[in-house]
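Protein chains in written order, with the numbering used here: chain P, -2 to 420; chain Y, -2 to 420.
There may be inaccurate statements among the hints.
Heads up, incomplete: computed chain Y residues facing chain P, CB under 10 Å, no partners named [what the hints assert, rightly or not]: (1) V42; (2) N114; (3) G211; (4) K233; (5) E307; (6) D345; (7) T388.
Straight-line distance between alpha carbons at most 20 Å, and here's what the computed SDA-like set of lysine to any residue pairs gives [as the list claims (entries may be wrong)]: (8) K115(P) x K199(Y); (9) K105(P) x L383(Y); (10) K222(Y) x N107(P); (11) K382(Y) x N340(P); (12) K105(P) x P356(Y); (13) K199(Y) x P109(P); (14) K341(P) x K199(Y); (15) K105(P) x V365(Y); (16) K382(Y) x L106(P); (17) K222(Y) x K115(P); (18) K199(Y) x D112(P); (19) K341(Y) x N340(P); (20) K341(P) x N306(Y); (21) K341(P) x G314(Y); (22) K105(P) x F384(Y); (23) K199(Y) x D74(P); (24) K105(P) x T388(Y); (25) K196(Y) x D112(P); (26) K222(Y) x V152(P); (27) K115(P) x R198(Y); (28) K341(P) x T311(Y); (29) K363(Y) x N107(P); (30) K196(Y) x N111(P); (31) K363(Y) x D74(P); (32) K341(P) x E307(Y); (33) K196(Y) x Y108(P); (34) K196(P) x K222(P); (35) K363(P) x A291(Y).
It is worth saying that the hints were derived from the structure and are not from the lab. Note that beta-carbon positions come from the ideal geometry of N, C-alpha and C, so glycine has one too.
Below are the chains, spelled out letter by letter.
Number of protein chains: 2
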Amino acid sequence: MTQTNIQLLLTGDEIMSGDIIDSNSAMIADHLASLGLRPRKKVTVGDLLEDLVSEMQQLSQRASVLIVNGGLGPTEDDKTAEALAQVINSPLCEHPTAIAQIEAWCEKLNYPMNDANKKQGILPKDVGILENTNGSAPGFYCEHNNCLMFFTPGVPSELNAMMTHSILPMLEQRFANIEPHTTKRLQVFGIGESSLQLKLRKHIPDWPNDIDMGFRAAYPQVEVKVTAHSKQAEEKIDGLTQQIKQVLKGHVIGEGEVQLPESLVTLLIEKQQTITTVESCTGGLIASKITSVAGSSAVFGAGFVTYSNEMKTTMVGVSETTLEQYGAVSEEVVIEMAQGALNKSNSDWAVAVSGIAGPGGATDDKPVGTVWVAWGDKVNIKTVKLFFPFTRVRFQEYVASVGLDLIRRELLGIEGRPNYFPK
Amino acid sequence: MTQTNIQLLLTGDEIMSGDIIDSNSAMIADHLASLGLRPRKKVTVGDLLEDLVSEMQQLSQRASVLIVNGGLGPTEDDKTAEALAQVINSPLCEHPTAIAQIEAWCEKLNYPMNDANKKQGILPKDVGILENTNGSAPGFYCEHNNCLMFFTPGVPSELNAMMTHSILPMLEQRFANIEPHTTKRLQVFGIGESSLQLKLRKHIPDWPNDIDMGFRAAYPQVEVKVTAHSKQAEEKIDGLTQQIKQVLKGHVIGEGEVQLPESLVTLLIEKQQTITTVESCTGGLIASKITSVAGSSAVFGAGFVTYSNEMKTTMVGVSETTLEQYGAVSEEVVIEMAQGALNKSNSDWAVAVSGIAGPGGATDDKPVGTVWVAWGDKVNIKTVKLFFPFTRVRFQEYVASVGLDLIRRELLGIEGRPNYFPK
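With the hints as extra help, turn the sequences into a complete structure.
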């Protein structure tokens, strides 16, 4: 770890009041980690000008890099530029580079630049501009008290892009003698954080001391993060990653940031096969996860949201008798849903779900959280009954992910399936 | 607002690295808000002893109350007590009250107290003890630099109970003349933060000084927050909220935390009407938003995800000629999609979308971000062409929300519709 003292200043009444939980600072830390850097301190204050001025002044005295987040917006409570102007004693002006960037943004979206937009270009004269590829507020930077200060927007997607495209390259150039640092991430599904940790500790007892293993619950997935902090440690990383994969087998979705929907779509594209969805309790969530992936039109043509019993019959031909006899949440019904969707859409694969998301709808033998899943092709349809007694939205999210995972396992020919308990 | 200057110190390598997102400080702020108090500043550092000592020292000089969270656990990296011992110059000892509390806890859970448990009772001699009803680590408090300092556990359930049972009562007693504090929130859609502020400033020029108005972008909605900090101000809040509603008209979705899908489902339930969705570019997201609301089965029976051209024909009967002549992203096609879905599902209302989510699929006259929306009932279907040149996922999110909003406006009989520009 280098001597670089990086500090963060997060601003906004909404994060002070707790109305918003700050996840931007975790995102910034994640970006910094990719350079082997980590923040040493972070300070959060509201939108009071005097607090902003005093914190910028104080933090810049100790830090070698200060990343300020928030307060670049068009409204009155956005006071970051005003505070900086006082701190570095550089008058606010219509900054030509910033104004040009805002104009270009408005032109792209085809609307006229108003005064509020323009305010985002009124910045201290002496700052440099950071491009905002995802929004109207330019970022900016300057040097003060031997501290390199960055000013970034509070909207996460805008911050994320600015960290990648502008700030990391500048930091990399500046702190050229950063120690080597390699991180590998594995995305894992269908096993909880604590079971995961126990399993890895048991099966890889000789884990080397100079390599960190970390876990991050990124619901519904868990991320395993392996980090080496020296050249010597770096060489072991690939071998260890392989070992982890061998231990976790089918739980591993992939490396990097890959999400279940993307891994499934990629697999289907490779195999030139197609999928259809027929959803009751998830109400379209499985389809929307698949179609959130660019290029999914090559593998997905139709999704059926058969929420009512009547529509299970009309849309995919579930027989009324089956519905009456077994109820909508039953093995028989999900099988007919899957068969019907395969026939109507002429897809290679189908996944069907019917369950009780709650809070209403439970019966004595089918409590909230019960769900039947069917998946397969025209030759062979498998089923499973699962139970996830979560809140409605968490239930839907987990069931949708399980649906994707079952098809992924099928395509990969993985034997067996997990219990899918999240803990 | 009182003169109470409350500050928070959050500790732990895992929150500095971003592996854990800090939600404890939001919980503390929430508790404080119940007394009309709000924290003014929060500082986060890792587990370095020198950083802990220096922050406790510095923060206690300015704050009247300092709440420290984390670092009370049994492991080596828990250094809060050690740091405080240095700060207040009070030697660590086996604190009798703390040890007694830990013994009682172990007895309750029926396991012997080990050295790791005992470490949690080794505290500076001069602190008072706060009961931990949910765990083994006692909290503690002391006074230093005229600052009342509390030390609380990092486990959320333990912190929560300690705030309720020990810290709030002590603060209430101490700051007896706390002023009242009332907040009202309005959820707004289809107008950007900057236009919103300009509009309110123009139409409510005599906004009172003793009431705060804040804005929060909670994509795709914006929240307007009106806060009174005195008894006198409190009385104006309802009137001002009414004024805001009059100015923003149909943009206001509702009060509190309400989201678009919930407001639409509530409206449909009130009117005893049903809705169906037929989605191309949003791929099921509109349906999944509707069905994320508990009780939606009363108003939603079927959703059609007609992603391919062929399925637009098979599932909802869009004519092949129309598709050939105008292309899938066209007014003619979304009208036929809506009509087909209304017929197949026998719903009262339908919303249909077809667009280019990107990154692929653009043509010369239909760039990425183009979308056609149709909405209406069996008698009257309206259409609009919109353009949202965002990333794929943001585009889908916004289009889905617009779809819900158009039906909401229709049900409320609101004339006209917004431009739906997000800024």
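So, going through the hints one by one against the coordinates:
Residue-level restraint check for V42(Y) holds (minimum Cβ-Cβ distance to chain P is 5 Å; threshold 10 Å). Nearest Cβ of chain P to the Cβ of N114(Y): about 20 Å, over the 10 Å cut. The hint is violated. Annotation: interface hint on G211(Y) holds; nearest CB of chain P at approximately 6 Å, less than 10 Å. Interface hint at K233(Y): violated, since its Cβ lies 19 Å from the closest Cβ of chain P, which is beyond the 10 Å cut-off.
Because the closest C-beta pair between E307(Y) and chain P is about 6 Å apart, less than 10 Å, the hint holds. The interface hint given for D345(Y) is broken, as the beta carbon of that residue sits about 14 Å from the closest beta carbon of chain P, more than 10 Å. Taken as an interface hint, T388(Y) checks out: its beta carbon lies about 7 Å from the nearest beta carbon of chain P, inside 10 Å. Using a Cα cut-off of 20 Å, the hinted pair K115(P) and K199(Y) holds, with the two alpha carbons roughly 17 Å apart.
Restraint check for K105(P) and L383(Y): satisfied, since their Cα atoms lie roughly 14 Å apart, inside the 20 Å limit. The hinted pair formed by K222(Y) and N107(P) fails the criterion: a straight-line CA distance of about 30 Å is larger than 20 Å. Of the supplied pair hints, the one linking K382(Y) and N340(P) is violated, its CA atoms being roughly 34 Å apart against a limit of 20 Å. Taken as a hint, the K105(P) and P356(Y) pair is honoured in the structure, with Cα atoms around 16 Å apart against an allowance of 20 Å.
For the given pair, K199(Y) sits about 19 Å from P109(P) by alpha-carbon distance, which is consistent with the 20 Å threshold. Between K341(P) and K199(Y), the direct Cα distance comes to roughly 56 Å. Violation of the 20 Å bound is thereby established for this hinted pair. For the suggested pair K105(P) and V365(Y), the alpha carbons sit about 12 Å apart, so the restraint of at most 20 Å is met. Simply put, K382(Y) and L106(P) have alpha-carbon atoms about 14 Å apart, close enough for the 20 Å limit, and the pair holds.
For the proposed pair K222(Y) and K115(P), the alpha carbon gap of about 24 Å is over 20 Å, so the pair is violated. The straight-line distance between the Cα atoms of K199(Y) and D112(P) is roughly 13 Å, inside the 20 Å bound, and the hint therefore holds. Restraint check: the Cα-Cα separation between K341(Y) and N340(P) comes to about 18 Å, which is no more than 20 Å; the hinted pair holds. As the CA atoms of K341(P) and N306(Y) are separated by approximately 14 Å, the hinted pair is consistent with the 20 Å bound.
In summary, the hint linking K341(P) to G314(Y) is supported, as the alpha carbons are separated by about 13 Å, within the 20 Å threshold. At most 20 Å may separate the alpha-carbon atoms for a hinted pair to count; K105(P) and F384(Y) meet this at roughly 11 Å. At roughly 17 Å between alpha-carbon atoms, K199(Y) and D74(P) fall within 20 Å of each other, so this suggested pair holds. Between K105(P) and T388(Y) the alpha-carbon distance is near 14 Å, which keeps this suggested pair within the 20 Å criterion.
For the given pair, K196(Y) sits about 12 Å from D112(P) by alpha-carbon distance, which is consistent with the 20 Å threshold. For a cut-off of 20 Å, the pair hint linking K222(Y) to V152(P) stands: about 18 Å separates their Cα positions. Distance check on the hinted pair: K115(P) and R198(Y) sit about 17 Å apart at the alpha-carbon level, within 20 Å; holds. The hinted pair formed by K341(P) and T311(Y) meets the criterion: a straight-line CA distance of about 8 Å does not exceed 20 Å.
Simply put, K363(Y) and N107(P) have alpha-carbon atoms about 15 Å apart, close enough for the 20 Å limit, and the pair holds. Distance hint between K196(Y) and N111(P) is fulfilled; the C-alpha atoms sit about 12 Å from each other, no more than 20 Å. For a cut-off of 20 Å, the pair hint linking K363(Y) to D74(P) is broken: about 38 Å separates their Cα positions. This hinted pair checks out: K341(P) and E307(Y) have alpha carbons roughly 11 Å apart, not beyond 20 Å.
Restraint check for K196(Y) and Y108(P): satisfied, since their Cα atoms lie roughly 17 Å apart, inside the 20 Å limit. Proximity of K196(P) to K222(P) is assessed by CA-CA distance (about 15 Å); at most 20 Å being required, the pair is judged to hold. For the proposed pair K363(P) and A291(Y), the alpha carbon gap of about 17 Å is at most 20 Å, so the pair holds.
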